[in-house]
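Residues per chain are reported as follows:
Number of protein chains: 2
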Amino acid sequence: MAKGLIVQKFGGSSVANVERIQNVAKRVVEYKKKGYDLVVVVSALGDTTDELISLSEQINKHPSEREMDMLLSTGEQASSALLAMAIHKLGFEAISFTGAQVGIITDTDFTKAKIIDISADKIKDALKKKKIVIVAGFQGITRNQDITTLGRGGSDLTAVALAKALSARTCEIYTDVDGVYTTDPRIEPKAKKLPHITYDEMLEMASLGAQVMQARSIEVAKKFNVIIHVRSSFNKHEGTIISKEAKRMEEFVISGVTLNKNEVKITICDVPDKPGVAAKIFSKISEGGVNVDMIVQNVSHTRQTDISFTAPKADLSKVMRITKKAAANIGAGKVLKDEDIARVSIVGVGMKTHPGVAAKMFSALSKHDINIEMISTSEISISCIIKKKSGEEAVRALHAQFNLA
Amino acid sequence: MAKGLIVQKFGGSSVANVERIQNVAKRVVEYKKKGYDLVVVVSALGDTTDELISLSEQINKHPSEREMDMLLSTGEQASSALLAMAIHKLGFEAISFTGAQVGIITDTDFTKAKIIDISADKIKDALKKKKIVIVAGFQGITRNQDITTLGRGGSDLTAVALAKALSARTCEIYTDVDGVYTTDPRIEPKAKKLPHITYDEMLEMASLGAQVMQARSIEVAKKFNVIIHVRSSFNKHEGTIISKEAKRMEEFVISGVTLNKNEVKITICDVPDKPGVAAKIFSKISEGGVNVDMIVQNVSHTRQTDISFTAPKADLSKVMRITKKAAANIGAGKVLKDEDIARVSIVGVGMKTHPGVAAKMFSALSKHDINIEMISTSEISISCIIKKKSGEEAVRALHAQFNLA
Chain A
1006 MAKGLIVQKF
1016 GGSSVANVER
1026 IQNVAKRVVE
1036 YKKKGYDLVV
1046 VVSALGDTTD
1056 ELISLSEQIN
1066 KHPSEREMDM
1076 LLSTGEQASS
1086 ALLAMAIHKL
1096 GFEAISFTGA
1106 QVGIITDTDF
1116 TKAKIIDISA
1126 DKIKDALKKK
1136 KIVIVAGFQG
1146 ITRNQDITTL
1156 GRGGSDLTAV
1166 ALAKALSART
1176 CEIYTDVDGV
1186 YTTDPRIEPK
1196 AKKLPHITYD
1206 EMLEMASLGA
1216 QVMQARSIEV
1226 AKKFNVIIHV
1236 RSSFNKHEGT
1246 IISKEAKRME
1256 EFVISGVTLN
1266 KNEVKITICD
1276 VPDKPGVAAK
1286 IFSKISEGGV
1296 NVDMIVQNVS
1306 HTRQTDISFT
1316 APKADLSKVM
1326 RITKKAAANI
1336 GAGKVLKDED
1346 IARVSIVGVG
1356 MKTHPGVAAK
1366 MFSALSKHDI
1376 NIEMISTSEI
1386 SISCIIKKKS
1396 GEEAVRALHA
1406 QFNLA
Chain B
1006 MAKGLIVQKF
1016 GGSSVANVER
1026 IQNVAKRVVE
1036 YKKKGYDLVV
1046 VVSALGDTTD
1056 ELISLSEQIN
1066 KHPSEREMDM
1076 LLSTGEQASS
1086 ALLAMAIHKL
1096 GFEAISFTGA
1106 QVGIITDTDF
1116 TKAKIIDISA
1126 DKIKDALKKK
1136 KIVIVAGFQG
1146 ITRNQDITTL
1156 GRGGSDLTAV
1166 ALAKALSART
1176 CEIYTDVDGV
1186 YTTDPRIEPK
1196 AKKLPHITYD
1206 EMLEMASLGA
1216 QVMQARSIEV
1226 AKKFNVIIHV
1236 RSSFNKHEGT
1246 IISKEAKRME
1256 EFVISGVTLN
1266 KNEVKITICD
1276 VPDKPGVAAK
1286 IFSKISEGGV
1296 NVDMIVQNVS
1306 HTRQTDISFT
1316 APKADLSKVM
1326 RITKKAAANI
1336 GAGKVLKDED
1346 IARVSIVGVG
1356 MKTHPGVAAK
1366 MFSALSKHDI
1376 NIEMISTSEI
1386 SISCIIKKKS
1396 GEEAVRALHA
1406 QFNLA
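Here the protein sequences line up with chains A and B, keeping their order.
Converting from the first sequence to our numbering requires adding 1005 to each position, the first position being numbered 1.
Converting from the second sequence to our numbering requires adding 1005 to each position, the first position being numbered 1.
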């Protein structure tokens, strides 16, 4: 009868109101009836987290991060209790736990803590008693008993980490989309759902703007080989399996096209072309806590060169301040910003063994008169910075070029 | 400089919105500036608890009590974090804790748990570091790490228990009234605030319908001799001190008049007048979890008698069901209910040494043509059951009779 353990994670939109909580309960119970053991991770109800953040900002624009975690962790605690009640209503046994109660031990980096250890003894006890276990996502506790939260996508991380700790057969991430698509269906209606994708491809997709799962959770899943199934909480279609090796036809080179409009381009002009100069700039920016992404330095024909890089739009004022200071220190020239950019990328494990993928990409963009401002490549992706207004057109052009429809 | 420790408790209406939270922060900081150490206990914001209860009832009419506590405890956790942020904003150090974090250990009687033990180590550590300590009221944790709540008035109980555990010099209960009055000022505008009242008097006042503090907290305060100061969070007037001995002029016999319209009267007719019969009835009712209050049995001239008692209106259908069954078992007659009653009471430590207080009460009611249906007396109170419509008139009559204005 026992078919093994599944970890299921339901996001905020899946538990946004009473009716949806009841639907989640029904779905969980269906799996229980089939003979699975279940650990269910829930996010806070709908907009609860945003509302709590807004409340805190009215009180203190720069709230203590420890107190912020104390505040925000209540959202997931409440939704897990409500889901337990909804499962009871269907006549099944269920018990909810906070992150602290199940021993999700984290470091003390409040608002973005890292999981150090999971004891999960309470979960194992409850599973032995045939209970459905519900765990408040997004949270943990330090060894000193302070409540922490895990940052953006934290509930996914809770689910993946529990799947690892409990050796679950799979970790289902329920969301408001059917799975991972070849590109954003709102941009290209011909986008197709991918039945399988590798961790590495998904990591590129996630970091490049696909909103399905945060990179951190996928990294952890990859590290511990946790099989993830991303699927919709609103229907019963199979979603996308994320695993080490994707089952896929050999010729299917590219798995997806992504678009990211949340970056800005910064250019430092007239940088002295000496060893160590770039290191100086980027170590300053990194100390400021900004994640710089693409970095392009033109080959220098004189003693000076331009360095461009992209950074998250949210960090613009901070990164400009730091960069200007660093530029002055090394005797460089002006620092320019460009917010009118978009990054379009193609992702696919297959591309590294298929020559000509980059050329095919550039020619597709060129056919549409889309100018490429920066290029960066990785083992499994190629990204181009283009004008923001051409973003959607570029996605459709590449989707067609690589026969993804 | 160190003037000792004060525990301050702010109820839901005192932290109902951002502005009020900020006001509470200001008041706390004023005391800190004066040199006091401070432990602040907060309730959930305004209607949060009611909203959570309503949510849970939509999901499950009979929610698990363990999950209910998991749900409701989030309200106080959130408000304590927000108050900490508000105090930080004023430039003072503060740290918030859940009941679990400060080691408020309770039994496993979910939704109305009793405090067994308080370690308070974390509070002492934080006080040593000169921090203002904020504790989420109303909650604790079992030895098995399940979250519990303490039932109605639970935040008061948290405050009183912490005042005891930390040997605080006083426990201030901030509320939306100025203190304890001789009677409800909405009924008798001449009602006067009492500067002092004894635990016993306050217990009578609380159980008889004065809404200032729940009886449980006062019982604990009395047991451990914790001095309570009930006062308004909206002004700086001195409130009412509740302690063992009230400083008061000898002739001030009666401290207050109370009115309770939330009871019903049940009468069992033709009860066989045999030993043990009353015990049988009331043990059944008590097993049903109903708190019966006044019990009156007429002297029997035949072999049968009538027994009347009062019970909370909320328990009416339950108590009728149990009583009818018990009446049938012992061969008694009909069971009658009367919802058209009110209880008016006078309370005062002085009355036991002053003869004629009861007679004075009855004559005041009689002068107003108010018929008395039942009478009960205790060491420090006399209560009469009268028709509901005469409740307010009776209060004013007694207030005047005993010169309370």
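Mixed in with the good hints, there may be bad ones.
No copy is singled out in the list; a pair is fine if it fits within one copy or between any two copies.
As the list claims (entries may be wrong) - For lysine-lysine, the following DSS-like pairs were computed, each having C-alpha atoms within a straight-line distance of at most 27 Å:
1) K1135 / K1066
2) K1323 / K1119
3) K1136 / K1066
4) K1117 / K1393
5) K1133 / K1372
6) K1117 / K1127
7) K1031 / K1249
8) K1117 / K1227
9) K1323 / K1094
Hint data in this document are derived by calculation from the structure and do not stem from the laboratory.
Okay, the hints, checked on the actual structure:
Within a single copy, K1135 and K1066 get their C-alpha atoms only as close as 46 Å, which misses the 27 Å cut-off; across copies the closest is 24 Å, which meets it. Taking identical chains as interchangeable, the C-alpha atoms of K1323 and K1119 lie at most 27 Å apart only when both belong to the same chain, with a minimum of 24 Å there against 52 Å between chains. For the identical chains of this complex, K1136 and K1066 are inter-copy neighbours only, at 21 Å across copies versus 42 Å inside a copy, given an alpha-carbon limit of 27 Å. For the identical chains of this complex, K1117 and K1393 are neighbours neither inside a copy (31 Å) nor across copies (59 Å), given an alpha-carbon limit of 27 Å.
In this homomeric assembly, K1133 and K1372 never come within 27 Å of each other (Cα to Cα): the closest approach is 62 Å inside a single copy and 71 Å across copies. In this homomeric assembly, K1117 and K1127 come within 27 Å of each other (Cα to Cα) both inside a single copy, at 24 Å, and across copies, at 24 Å. Proximity of K1031 and K1249 under a CA criterion of 27 Å is satisfied in neither setting, with 31 Å inside one chain copy and 56 Å between copies. Only within a single protomer do K1117 and K1227 lie at most 27 Å apart by alpha-carbon distance; the minimum there is 20 Å, versus 46 Å between protomers.
Taking CA atoms no more than 27 Å apart as the test, K1323 paired with K1094 passes between copies only; the shortest distance there is 23 Å, against 51 Å inside one copy.
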